[in-house]
Amino acid sequence: MARLRSAVAGALRFQKLALENLQLADELRKIRSESHKHSLTQVNWGPDGSVLLDDDETS
Numbered sequence: 299m300a301r302l303r304s305a306v307a308g309a310l311r312f313q314k315l316a317l318e319n320l321q322l323a324d325e326l327r328k329i330r331s332e333s334h335k336h337s338l339t340q341v342n343w344g345p346d347g348s349v350l351l352d353d354d355e356t357s
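Each residue of the sequence shown is one higher than the last, beginning at 299 in this note's numbering.
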């Protein structure tokens, strides 16, 4: 009976860790997505109203 309790406790710990990992992965995807969206909407304007392109940036 002790082995069964130990196995169930281990499975519950594993389930909790797996759920936490999924939540962290979702949070990371959200942060990356927001960062990517920001870079798509960020425009560098020149003093004359022209759009400045930065050739050094990589996508």
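No lab work stands behind these hints: they were computed from the structure. Take these hints with a grain of salt, some might be off.
As the list claims (entries may be wrong) - Taking lysine to aspartate or glutamate pairs in the DMTMM-like style, the calculated list, with each CA pair at most 20 Å apart, reads:
#, residue 1, residue 2
1, Lys335, Asp346
2, Lys314, Glu325
3, Lys335, Asp352
4, Lys335, Glu318
5, Lys335, Glu325
6, Lys314, Asp324
For clarity, every value in this text was computed on a predicted model and none was experimentally measured.
Hints versus structure:
Of the pairs offered as hints, the one joining Lys335 and Asp346 is violated, with about 26 Å between alpha carbons and a cut-off of 20 Å exceeded. Under the criterion of a C-alpha separation no larger than 20 Å, the hint pairing Lys314 with Glu325 is consistent with the structure, at around 17 Å. Restraint check: the Cα-Cα separation between Lys335 and Asp352 comes to about 17 Å, which is no more than 20 Å; the hinted pair holds. About 26 Å separates the Cα atoms of Lys335 and Glu318, which puts this hinted pair outside 20 Å; it is violated.
Taking the CA atoms of Lys335 and Glu325, the gap is about 15 Å. The hint holds against a cut of 20 Å. With a CA separation close to 15 Å, the supplied pair Lys314 and Asp324 stays within the 20 Å bound.
Checked against the numbered hints given earlier, the structure breaks hints 1 and 4 and satisfies all the rest.
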